[in-house]
Structure formats: C-alpha cells, structure tokens
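Chemist: Sequence:
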Amino acid sequence: MVFNILVTNNDDHLRNHAFLYTAIRAAGCQARSMMLSPPLSSARSTSSTWAARLDNAPTGAGRFGIQRRAAARIIEALVERVRTWRNTFDACGVSEADSDAVAGAFRRVRDIGFAEVERAGRT
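So the number in the working numbering is just where the residue sits in the sequence shown, counting from 1, plus 30.
These are computed hints drawn from the structure, not numbers from a lab.
For glycine and all other residues, C-beta sits at the position ideal for the given N, C-alpha and C.
It cannot be assumed that every hint is accurate.
[Stated by the list, open to error] Cβ-Cβ distance ranges computed for the label pairs, FRET-style:
1) Phe94 - Gly123: 30 to 36 Å
2) Glu126 - Arg152: 18 to 24 Å
3) Arg113 - Ala81: 32 to 38 Å
4) Arg103 - Val124: 16 to 22 Å
5) Asn40 - Ala145: 31 to 37 Å
6) Gly92 - Ala131: 34 to 40 Å
7) Gly123 - Arg152: 17 to 23 Å
8) Asp141 - Ala107: 28 to 34 Å
9) Arg149 - Phe94: 26 to 32 Å
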C-alpha cells in the first residue's frame, strides 16, 4: 500500500500482491503489473481520510498486525528505498527517456504527509 502511494500506482488489485506471512511478520514479494501515473491534482488527492497519503497509511496498521510506530519505521524505510529509483532504473538499463516519462509518478514525500509519519515514528 505504501509503495503504491509513493509511485502513484493507480492500477492496484489483489493479484499484484503476494505476502509471506509468519507469526512474527509479513514480507512483501515482487510487484507485478503496475501502472505508474503522475497525480492529476494534488488538491483532489488530499481532501479526505481515504486520500493516498503517507500520513493516512499508519491508521490501518493494526489490521495488518503492525503497531503504529513500527508502521512509521516501515514507511521511512520504503521512502528511502524509493528515493533511489532513478539509480535503480539506470542500473537496470532503463533509458533516460523512459525514466523521464515516469518521473512524475514518483511523488515528493513532503507533499504527501511524510513529515507527520516521521514525527509518529519518534513518539
């Protein structure tokens, strides 16, 4: 869910997800069939508690057996990982033109509630 928020994946469905679940933790597997899309309007995406924002993500953490503080740390780790997307694309041989075409889908975390998540992780 958090990864989808970070990359503006608007084509999310259950077949995109696979989890290895143990009594201790759930680990995500490879993402498949993603449709990255630049956001249409930042005003539209911030108007409700259902908005695809990082600060909304921890509210449902309990449903996944994750405490809110741990959820904040998971979000922080994903943000750090996704920040290097262009390096990863380069290493995988993705052309500059193709990288530029999807660059707008990688959202700026300061625009989608990351500061609130960082504060939650410290409290």
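Chemist: Confirm or reject each hint.
Modeler: For each hint, the structure was consulted:
1. Phe94 - Gly123: 30 to 36 Å: 35 Å, holds
2. Glu126 - Arg152: 18 to 24 Å: Roughly 38 Å apart at Cβ, these two residues miss the hinted range, so it is violated.
3. Arg113 - Ala81: 32 to 38 Å: Hint violated: Cβ distance 21 Å, outside 32 to 38 Å.
4. Arg103 - Val124: 16 to 22 Å: 29 Å Cβ-Cβ, so the 16 to 22 Å window is violated.
5. Asn40 - Ala145: 31 to 37 Å: 24 Å Cβ-Cβ, so the 31 to 37 Å window is violated.
6. Gly92 - Ala131: 34 to 40 Å: 38 Å, holds
7. Gly123 - Arg152: 17 to 23 Å: 39 Å, violated
8. Asp141 - Ala107: 28 to 34 Å: With a Cβ separation near 20 Å, Asp141 and Ala107 fall outside 28 to 34 Å, so the hint is violated.
9. Arg149 - Phe94: 26 to 32 Å: 21 Å, violated
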